[in-house]
Amino acid sequence: MLGNLLRKKEFCQQDPALEPQVPPPAYAAADAHYSGTQLYGPGNTVPVASFRLSDKSSLCRLVVVQDSGIRSKQTLFDSALSLRPGVAEVSSPAYLNKSFHHPTSELSALMFGYYGILLNETISTTKLHYLPPLAAMPASMLVTRLFSVNSSFRLCESGHGDPDWAPKPCVYTRDAPVCDETPTRLAFGLIVPVARDRNAHEILTNHWPEIAGHLEATQNLIVAKLRALASPSRQSAGSKPAFPPGCLQKEPDLVHSLHLFVRSLVFLIETPRLYVPLKHNDSTLCRWAVAVATWLELKDGRHPSLSLLPTPIQESQSTSPSHACSPVVGLKFLATLLTLILPYRCEVVDGPLNYHTRRAVRVVLVTGNPVVSQKLVLILAGIFGYDRYTFSRTLEQEDTDTDSEPRPTASKPIPIQRAAYQDDSSSESMSPEMTFSSGSAKGWEIPSKATPIISNSPKFTEFAKPERQPVTLVRRASSYASLQNLSTSYGSQSTTLSSSWRNRLHFGSFMERWRSGVGESVDVTPPPAAEYDEYPWKSVSSGGANLPRLSRDLGSLDLDKEKPVVRTTYEIPSVGERVDLAQQVMAADVDFEPVDMAGGANVLDIAPLAVVIPRPQVLPLMTGYIDQYRPEFSLQACPVHYNLEGQICESMRDDCARLGPRASSRTFVINLKQREVKLMEMQDCADTESAETTPRLTITRLFAPYKRDLSEKLAHDVEQCDAVLNRILYLIKSRSENDKIRALVEQLIH
Amino acid sequence: MSFMITLAHFCEVHGPSMVICTQNVHSGEPLESYYGAKVPPSSVCKSCAFIVPQESTSLRTKSGNQIYISTQHPSSQPRYAALRQTIMRVFTIESNHDMSKPLSFGDSKNGYSVSLGFKLIDDTARGSDRRYFLIFTCDSEQKLYENYSVILDQLTAMVNFITSRSMHILDNRRKNENNNETYMRRGSRMPKNRSIMDLLQDDNFFVKLHLWASSLLAQL
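If you read the sequences in order, they're chains A and B. Under full-length UniProt numbering, read the first sequence as residues 1 to 750, first letter to last. Under full-length UniProt numbering, read the second sequence as residues 1 to 220, first letter to last.
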């Protein structure tokens, strides 16, 4: 706890240094007990956005302009004008604060071009401009979408048939009027304040697919509004539609659309994304493995005492002779989850929407408890991004340097450990009453209903052994009680069979211990004495002597000495010197030699230049706990919301619209409270081009406690995955096993 | 994915025209379809001509398993048409309040592009300067914006190099010419067509520009 407090304090101190007037971001509250080192790369606290768009969101602006001839542009909507409260709009002329907003004429000159002549009168064009500085907005950018409507208000895909040059827009778009009869050219522009540095445009260009999606949605909205405006006037077909200036000014939907755009951009920029470089960083791997082990023990109940529970899939020792960790009972939640989701790993990492395959995938953890979700997020993000997260070599070098320093707490494999777990399976001679009696001495009441199961259980004898490693002991102690009342995510009102036994066995919450995490760092580990006090098996004495080793083992994971990875909320800046190709090429002489070609072509061969431009690593759209469901992220944890399924459904409909015909969108909803995994699928099965096809939604419950109707193939895969996880569980005790763990992770992936 | 890096020039005789265009060759496509043909002398003048050693029409670089070819115009008709539209746009239609800032636009017909303009001071030119644009064109909107920073960074570096070299040459000339006759006067035979090669005093300028463009494309 002390460590948590210190870390929290550190975080609070850091924040005002960057932006003194700014309150901590919304996610900070939920992240206060997040250890940044776990999810955000080695040595990092929760990253804070260097540019906070949320502070400047009032400067964002949407302008809709109609082209009614050369040098004649009419503003149909301007969000900067609608912001003036308490003034009668009829009497006051449109007023614009020039120190905050650019004049509309200046914007329309950029949007339509200097002369208002357009080379292509029908097709939609997207533009990106830098705007001149204003007193209150030193830097800003303008995103323009130019489009045309004709009297039919219907758009179609512009035909581009040439295979040699068929440009592909980011999102599926119908960008040309159905017939070419005298369309009206319209444009809308989104003004976004940016930072003043050289790469300020990155907040837009890095999130371009999302922005393109918003442009498309806004364009459709404007077309729909204009159609509604035009229909009463009953324009004759074929005439050029014209709209009175300011006709859209009172449309609340356009303000809402701007609001949605800004909000989405704020989330993309300011939400810290995950960085879990399992493949390249040892300490990250250790933390990840510890998280897996903790999850297996605490959440899936991978403990011999759990044999008293009705297990969903009984696994006898004979079915898994391949490894020694045979007393595997409890749920296979994690194994099932991974089996189900890992096939979609690449798509999740590539972002929620994959425009090539026209498929969208999201993984949403629904939980009331950020701490529990943090563990699962760490496990999932680590394995999803296993071969995507790269780690800069220089940092890695320094990292290993600090590890190899001759410290007293240096990481050395503790010799007894492997033997210890093998003992687990062979400890049949252990007397069961030792543990049992200590349990009752503590005053824990085992419900009578559970007793017969205990006595019937064949694995009851394979119980704790005195020589067990302290790491295991502590965790076992935790698991023993916390299994009963793990977290709020296993809410007490749940009526499912899975949790009823927990309610009857009411023990103190082990959230504290869970939160501090077994493997995070030494200072958050409870003092050995206290830990030992709570340890139910008092007769086990040898454990006490081993306890100091706990801190030693965890000391090797101590992250305070680790060099932090420099990162922002969404990317890791490139490491190394900036490469100036122009300088390199132009300053040097070039080698060339003529090539004799058939057909008379006169070709010179130029020797290539061996140069690598360092590039920033934009992190995948995976994030931890956020306070609401956001469709921008492919992996996230969010709180329970009464309309969560509705929100997800809505975003999946958007996906299908963005991806075009025959698109499909999947969302894995993992409810930690009910401990079930649901798959929401939406398929755009329409081959027809008509816009009014609604994609169909199907919801499948893939996993629930004691769901038995797993297909044979799936059950087999789950068993295999579970076996791998169990091996990881036993490998974590030694740091020298990192390569083995990595091999196992790769086995899981493939 | 098709990329094109083009140096475009507003020629005093021919209007907006392309001077050199570097493309990546898709694997499996015949190289011959990318090589340039001899451009008839009537359609180019000195200021918009693609001039490389040994009167070649194409430059080729193999980098790894990728091949990059530079010619004056793309030999494919739809690409040529798209690029021409883009060049027309950057010189005559699109507006930009600050020349040093890039111009990005795109549609599903002509492709998506980032361009950066620059002017070279030349006493023999109309208006005493010559306008150029370096244009990066891509047929995938997503790919272009994914690589936006890298592309823009290198375009900016190239433009900076060219303009500073040109300024350097001008300064040197002014230092050497302490001749009051030319002060505030134009040359006798105006206007004169001059290639960017002459302005930068580098006979291998296009070869180097090709190498720069193919090195940039190799990074994407």
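You may find that some hints are simply not true.
[As the list claims (entries may be wrong)] Listed next, the stretches of chain A that the computed footprint assigns to chain B, with coverage defined by at least 3 CB atoms under 8 Å from CB atoms of chain B:
{"id": "1", "region": "183–197"}
{"id": "2", "region": "337–348"}
[Unchecked claim] What follows is a list of derived Cβ distance ranges for each label pair:
{"id": "3", "chain 1": "A", "residue 1": "Ala-224", "chain 2": "B", "residue 2": "Asn-160", "range": "45 to 53 Å"}
{"id": "4", "chain 1": "B", "residue 1": "Glu-177", "chain 2": "A", "residue 2": "Pro-245", "range": "31 to 39 Å"}
{"id": "5", "chain 1": "B", "residue 1": "Ser-27", "chain 2": "A", "residue 2": "Ala-200", "range": "30 to 38 Å"}
{"id": "6", "chain 1": "B", "residue 1": "Tyr-80", "chain 2": "A", "residue 2": "Lys-98", "range": "28 to 36 Å"}
{"id": "7", "chain 1": "B", "residue 1": "Ser-100", "chain 2": "A", "residue 2": "Gly-246", "range": "30 to 38 Å"}
{"id": "8", "chain 1": "B", "residue 1": "Gln-85", "chain 2": "A", "residue 2": "His-259", "range": "33 to 41 Å"}
{"id": "9", "chain 1": "A", "residue 1": "Ala-607", "chain 2": "B", "residue 2": "Ser-33", "range": "18 to 26 Å"}
{"id": "10", "chain 1": "A", "residue 1": "Cys-179", "chain 2": "B", "residue 2": "Ser-33", "range": "44 to 52 Å"}
{"id": "11", "chain 1": "B", "residue 1": "Pro-53", "chain 2": "A", "residue 2": "Asp-197", "range": "39 to 47 Å"}
{"id": "12", "chain 1": "A", "residue 1": "Val-575", "chain 2": "B", "residue 2": "His-14", "range": "44 to 52 Å"}
{"id": "13", "chain 1": "B", "residue 1": "Ser-100", "chain 2": "A", "residue 2": "His-259", "range": "51 to 59 Å"}
{"id": "14", "chain 1": "B", "residue 1": "Asn-160", "chain 2": "A", "residue 2": "Lys-740", "range": "49 to 57 Å"}
{"id": "15", "chain 1": "A", "residue 1": "Cys-346", "chain 2": "B", "residue 2": "Arg-173", "range": "27 to 35 Å"}
{"id": "16", "chain 1": "B", "residue 1": "Asp-129", "chain 2": "A", "residue 2": "Pro-573", "range": "48 to 56 Å"}
Hint data in this document are derived by calculation from the structure and do not stem from the laboratory. Model, not experiment: these values are computed from the prediction. For each residue, glycine too, the CB sits at the ideal point set by N, CA and C.
Results of checking the hints against the structure:
1. 183–197: Check failed, 0 qualifying residues.
2. 337–348: With 0 residues close enough to chain B, the hint is violated.
3. A:Ala-224 x B:Asn-160: 45 to 53 Å: holds (46 Å)
4. B:Glu-177 x A:Pro-245: 31 to 39 Å: Cβ of Glu-177 of chain B to Cβ of Pro-245 of chain A: about 57 Å, so the range 31 to 39 Å is violated.
5. B:Ser-27 x A:Ala-200: 30 to 38 Å: holds (36 Å)
6. B:Tyr-80 x A:Lys-98: 28 to 36 Å: The hint (28 to 36 Å, Cβ to Cβ) is violated, given that Tyr-80 of chain B and Lys-98 of chain A are roughly 44 Å apart.
7. B:Ser-100 x A:Gly-246: 30 to 38 Å: Once the Cβ atoms are compared, 36 Å apart, the range 30 to 38 Å for Gly-246 of chain A and Ser-100 of chain B holds.
8. B:Gln-85 x A:His-259: 33 to 41 Å: holds (36 Å)
9. A:Ala-607 x B:Ser-33: 18 to 26 Å: Hint holds: Cβ distance 24 Å, inside 18 to 26 Å.
10. A:Cys-179 x B:Ser-33: 44 to 52 Å: For Ser-33 of chain B against Cys-179 of chain A, whose Cβ atoms are near 35 Å apart, the range 44 to 52 Å is violated.
11. B:Pro-53 x A:Asp-197: 39 to 47 Å: holds (41 Å)
12. A:Val-575 x B:His-14: 44 to 52 Å: Holds: the Cβ-Cβ distance is about 46 Å, inside 44 to 52 Å.
13. B:Ser-100 x A:His-259: 51 to 59 Å: With Cβ atoms ~33 Å apart, the hint is violated.
14. B:Asn-160 x A:Lys-740: 49 to 57 Å: holds (51 Å)
15. A:Cys-346 x B:Arg-173: 27 to 35 Å: violated (58 Å)
16. B:Asp-129 x A:Pro-573: 48 to 56 Å: Because 37 Å falls outside the window, the suggested range is violated.
Taken one by one, the earlier hints fail for this structure at numbers 1, 2, 4, 6, 10, 13, 15 and 16, listed in ascending order.
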